[in-house]
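Listed in order, the protein sequences are those of chains G and S.
Quick note, the first sequence lines up with residues 1 to 136 if you use our numbering.
Quick note, the second sequence lines up with residues 1 to 298 if you use our numbering.
Since the hints were made in silico from the structure, they are not lab data.
Where hints are given, some of them may not hold.
Far from chain S, some chain G residues (derived; all Cβ distances over 10 Å) [said to hold, decoys possible]:
| id | residue |
| --- | --- |
| 1 | Ala30 |
| 2 | Gly31 |
| 3 | Val40 |
| 4 | Ala45 |
List time: in silico SDA-like cross-link candidates among lysine to any residue, alpha-carbon distance up to 20 Å [said to hold, decoys possible]:
| id | chain 1 | residue 1 | chain 2 | residue 2 |
| --- | --- | --- | --- | --- |
| 5 | S | Lys199 | G | Glu11 |
| 6 | G | Lys67 | S | Ala141 |
| 7 | G | Lys67 | S | Arg215 |
| 8 | S | Lys59 | S | Ala229 |
| 9 | G | Lys42 | S | Met217 |
| 10 | S | Lys89 | S | Thr55 |
| 11 | S | Lys33 | S | Lys140 |
| 12 | G | Lys42 | S | Pro221 |
| 13 | S | Lys140 | G | Lys67 |
| 14 | G | Lys67 | S | Lys89 |
| 15 | G | Lys12 | S | Lys33 |
| 16 | G | Lys67 | G | Ile32 |
| 17 | G | Lys42 | S | Lys140 |
| 18 | G | Lys67 | S | Leu195 |
| 19 | G | Lys67 | S | Lys59 |
| 20 | S | Lys140 | S | Pro221 |
| 21 | G | Lys67 | S | Lys33 |
| 22 | S | Lys31 | G | Asp10 |
From the three backbone atoms N, C-alpha and C, an ideal C-beta is built for every residue, glycine too.
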Amino acid sequence: MITLEIITPDEKVLSTEATQVVLPTESGEAGILTGHIPMVTKIVAGELKVIKDGGTEFIAVDHGFAKVLGNTISVLTEAAIDVAEIDLSEVESAQARAEEALRKAEAEGTDPAEVERLETSVRYLIAQKLAKGRRR
Amino acid sequence: MANLRDIRRRIKSVKNTRQITRAMQLVSSSKMKRAQDAAVAGRPYALLLADLLDTVGEKLDLSSASISHPFFEKREVKTRGILILSTDKGLCGALNTNLFRKVVEEVKGDAKFVTVGRKATQFISRSQRTLIADFTVSDKASFSELRPMLKLLIDAYKNGEVDTIEIAYPSFVNVLVQEPVIQSLLPIVDLREVLDQLKKRVADLPSLEARSDTREMVFEPSAEAVLDALPELYVKVIIHQLLLESRAAEYCARMVAMKAATDNASTLVDDLTLDYNKARQAAITQEILEIAASAAAN
């Protein structure tokens with residue numbers, strides 16, 4: 001068993017046991033099993049797979065780092081949510097709102113801070129939606 | 001001697017005010033607790049970040065001379081970039097005033113400002129200083145709310161719009177004392193110092209434990225790439241932690257100010273009640289005198 005910890009600046013989001021964890025790294029997906037060599041890797045926005053006896057869980061994460069040491073994986077990311085907690089309709093409407101606002105902002109040429117905020121939310125929402133869709 | 005009805009009205013209005021200030025005192029004390037809890041909840045992140053930096057440090061030389069990264073470049077300071085963390089609302093004693101005085105004293109040359117909180121926005125715009133952006137952050141002050149601001153600050157630094165990033169905020173000394181502080185964040189002088197800063201922030205957690213696994217650490221894609229991305233995370237997490245600290249300071253200041261107001265209101269009510277009783281007594285005495293006088297006259 002390996003221990004998985006997901007830590008965001010707000011709180012420790014998750015701490016769980018798993019048989020295998022698949023990380024979305026820069027060079028593709030990396031499956032981590034027990035006894036993996038110590039590793040520090042950059043991860044990209046996407047879904048993190050937690051494989052347990054009972055099945056597979058998907059967790060949407062933003063870009064960050066993962067550290068594998070001993071049998072512990074610590075994921076350092078700016079945002080993460082268990083896919084089960086995401087209400088898909090809400091995500092979609094938020095996404096539509098964000099994209100609409102983005103289009104407007106592009107047309108009007110508003111300040112870059114606002115554009116960045118919206119881009120971040122779109123990127124994150126897409127990752128959430130993908131992960132949720134996969135599960136069905 | 002004031003009119004009885006006037007005094008009664010006065011007492012009532014002071015009591016109403018006291019009720020409000022007492023409620024505000026209680027609200028701020030519970031909010032302060034929440035801000036402190038949020039700061040504590042963010043510590044594992046800072047700890048893991050320090051740990052990562054430490055791990056990379058084992059592999060690479062961390063002295064700033066050997067790192068080529070925009071955050072370590074010492075540029076000639078033409079324009080200082082200053083982030084001011086203030087409150088949205090007043091009624092928190094001299095908290096904002098002290099902070100702004102500090103800014104006026106210390107920031108003399110060319111500077112650009114980014115503000116959090118309405119009070120700072122008002123101050124900067126009224127004093128005709130250069131305001132780049134003004135952000136509002138809710139009471140919760142979650143990290144995601146800060147991301148656009150962090151992005152803007154870091155971009156401004158990277159493209160040379162500002163040559164430093166400094167934060168002016170009311171630091172939390174204890175419940176009664178809040179000290180205005182201007183802390184310099186960028187450029188980073190020494191990464192070792194950064195590491196110490198991070199560790200200081202998580203002081204009450206157990207220190208970074210010795211590694212249980214002695215095999216050599218692998219870096220993906222490379223140790224340099226990992227080190228390249230870490231300073232930015234450091235800047236972000238420190239700003240978030242400082243914001244939470246300034247929030248705790250705000251609620252403390254408000255709690256103390258409202259406690260003083262409540263106490264003052266109580267004293268005022270006591271004084272007015274005394275006046276009221278005196279006036280009432282005088283009126284009764286007057287009435288008895290009048291009755292006695294009229295009885296004697298008959």
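- Holds or violated: are the alpha carbons of G/Lys42 and S/Met217 at most 20 Å from each other? 14 Å, holds
- Message: Hinted pair, alpha-carbon criterion (20 Å max): S/Lys59, S/Ala229. Please report holds or violated.
- Response: Holds, at roughly 16 Å.
- Quickly compare the C-alpha distance for G/Lys42 and S/Pro221 to 20 Å and report which way the hint goes. 7 Å, holds
- Compare the distance between the alpha carbons of S/Lys89 and S/Thr55 with 20 Å, and conclude whether the hinted pair is satisfied. Violated - the C-alpha atoms of S/Thr55 and S/Lys89 are around 43 Å apart, more than 20 Å.
- Check on G/Ala45 being off the interface with chain S, judged by Cβ distance over 10 Å: 13 Å, holds
- Taking 20 Å as the top limit, are the C-alpha atoms of S/Lys199 and G/Glu11 close enough? With a Cα-Cα distance of about 17 Å, the restraint between S/Lys199 and G/Glu11 holds, given a limit of 20 Å.
- Query: Are the Cα positions of G/Lys67 and S/Leu195 separated by 20 Å at most?
  - Reply: OK: G/Lys67 and S/Leu195 at ~17 Å, within 20 Å.
- Item | Restraint check for S/Lys140 with S/Pro221, where alpha carbons must lie at most 20 Å apart | With Cα atoms ~36 Å apart, S/Lys140 and S/Pro221 exceed 20 Å; violated.
- Message: So if I understand the rule, the pair passes when the alpha-carbon distance is 20 Å or less; does G/Lys42 with S/Lys140 pass?
- Response: Distance of about 29 Å is beyond 20 Å: violated.
- Query: Within 20 Å, alpha carbon to alpha carbon, are G/Lys12 and S/Lys33?
  - Reply: Between G/Lys12 and S/Lys33 the Cα gap is close to 19 Å, so the pair holds against 20 Å.
- For the pair supplied as a hint, G/Lys67 and S/Arg215, confirm whether the alpha-carbon distance does not exceed 20 Å. 14 Å, holds
- Task: Please settle this one: G/Gly31 was flagged as non-interface, so is its CB more than 10 Å from every CB on chain S?
- Result: 13 Å, holds
Hint check: violations occur at hints 1, 3, 6, 10, 13, 14, 17, 20, 21; the rest are consistent with the structure.
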